[in-house]
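Novice: As they're listed, the protein sequences go chains D and R.
The first sequence begins at 1 in my numbering and counts up one residue at a time.
The second sequence begins at 1001 in my numbering and counts up one residue at a time.
To be clear, the hints were calculated from the coordinates, so they are not data collected in a lab.
If you're wondering where the values come from, they're calculated on a predicted model, not measured in any experiment.
Just so you know, not all the hints are guaranteed correct.
[Said to hold, decoys possible] Label pairs and their computed distance ranges (CB to CB):
(1) Asn32(D) to Phe1091(R): 24 to 34 Å
(2) Arg9(D) to Phe1281(R): 39 to 49 Å
(3) Asn1195(R) to Pro91(D): 25 to 35 Å
(4) Ile38(D) to Leu1118(R): 49 to 59 Å
(5) Asn32(D) to Leu1057(R): 50 to 60 Å
(6) Asp1253(R) to Pro91(D): 22 to 32 Å
(7) Thr1009(R) to Arg9(D): 36 to 46 Å
(8) Ala1119(R) to Val44(D): 38 to 48 Å
Quick reminder that beta carbons are idealized off the backbone N, C-alpha and C, glycines included.
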Amino acid sequence: MSLDPATVRRIARLARIGIDESDLQALQGELNGILGWIEQLNEVDIDGVEPMVGTGHAALRMRDDMVTDGDARDAVLSNAPDAAGPFYTVPKVVE
Amino acid sequence: MSYVIEGRTGPWELVVGLEVHAQVISQSKLFSGASASYGGEPNTHVSLVDAGFPGMLPVINRECVAQAIRTGLGLEARINLESRFDRKNYFYADLPTGYQISQFTHPIVGEGAVEIELADGSIRTIGITRLHLEQDAGKSMHDQDPTRSFIDLNRAGVALMEIVSEPDIRTPEEAGAYLRKLRMILRYLGTCDGNMEEGSMRADVNVSVRKAGEPFRTRCEIKNVNSIRYVMQAIEIEAARQVEIWESGGSVDQETRLFDPARGETRSLRSKEDAHDYRYFPDPDLLPLVVEEAWVESLASFLPELPDAKRQRFQTEYGIPRYDAGVLVAEQATADFYETVARGRDPRLAANWVIGDFFAALNRTGRTIQDSPITADGLGGMLDLITDGTINGKIAKEVFEDMLETGESAAAVVERRGLRQVTDTGAIDAAVQSVLAANQDKLAEYRAGKDKLFGFFVGQVMKAMAGKGNPALVNEALKKVL
């Protein structure tokens, strides 16, 4: 698998990372290098092997349906760069 | 019922599938212990998990899983004993983590079916593709400030069930019937309140058109339509738009659109052009969700009787028509009310009164079954008086209106106003005689063969007796004399 420059540009946009055209070629090379490295996994024969989702055979632990958290607006907003009263704010996003 | 869009090149068929987002009824959120209740001061129902703080880990709420399973069972769907959670990645200000935890490749509920009934009495089955659990996002407000959007995360992380239908819907009416039926099932199950105004049930509508016999053509998705009426309108408008494009030689682009009810149009949401590129991957914070068969069985054993089963039972147990039974089971509270009235009484008489005068009275007074001044026992008491001959059907309507106003029992109203039916044949005969004496001309016409006048005489006698005559006895007395 190898990525063309258009795909690299698209991935960057989806990840909201601004890149210069001049960096495109270098990034393409790096990403293709990573993909090529991962693709070595395809050499392993996994026919008949159950997918492994974690170490040990654990299943998801569930909690009871009780309100045990929240009501901590100050903590929640403590890192907000531009809170207004009880709200977070962001530069206006309008559809 | 067939629905075709007549284009310049001939008829077109409509193809619709619905994705319904139903907010799960639970105390706390899907992956955090913050309150899931509606309202609340901004950002007070938020934990650090919901706000996407670093290092916070999700822990799943057992009740939300149970609600999804109950819903799956109610939709006669397969329950997947093992399911997984994936991250659906996109950037939006009301999604602090930059991803929504959802289920992509392995949903908790698989294929099912919903039966819908249409106005012409026909029945169709709409397939359910899947139901999965996911998190809701927060809320953005754009009208508070000229340059900023305000964000409230109270809703962020509340559990949603996304219920996806097969593209089996062929008319706007079917879409409406499907949504109403789905909402009814969810309400019976107690898994979602189905309140579309408050946004606890919302629909994404997938629409395409095709010529008869063709495979599917490109579809458009109309996002977040929040009433059944709007869903039906949006389908009609979008289908007409697509027919116009195909017929003028263009082709429909697969895209996300928005329905604007004020302008009666759908518009492209260009901001969502990457909307389908979510780069899903398994959430590394969450192990597979494994549920025990025994737990599913125990949830199944506690399910309430669902609308279809209840309607069937009403038909056989009470001998009422399918249509009436359908009306009575539309809301669980109505069905319970009816059963209290019908128990130990004439079930058809009970159905007629509940569907007829009682519903009309609720509509007229703007009351609901919960705060109705006439209780089920109260209405039942009135029916008892009809059955035992204390009042006749006509007087019963008067008694009913009085009960509605005063909240008194039927017996009390009858006593207070002296409405007891007259069964004394002497009094009835006397009334008959005076009516005949006063209407010699009509009497002559009747005797000359104008049979229809019999009804006139019955009416006059009842009037003379202030409506309180026993109708059977009045008829009998008249027949004897005439």
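Novice: Give me the numbers of the hints this structure contradicts, sorted from smallest to largest.
Specialist: The structure conflicts with hints 2, 5, 8, although it agrees with all the remaining ones.
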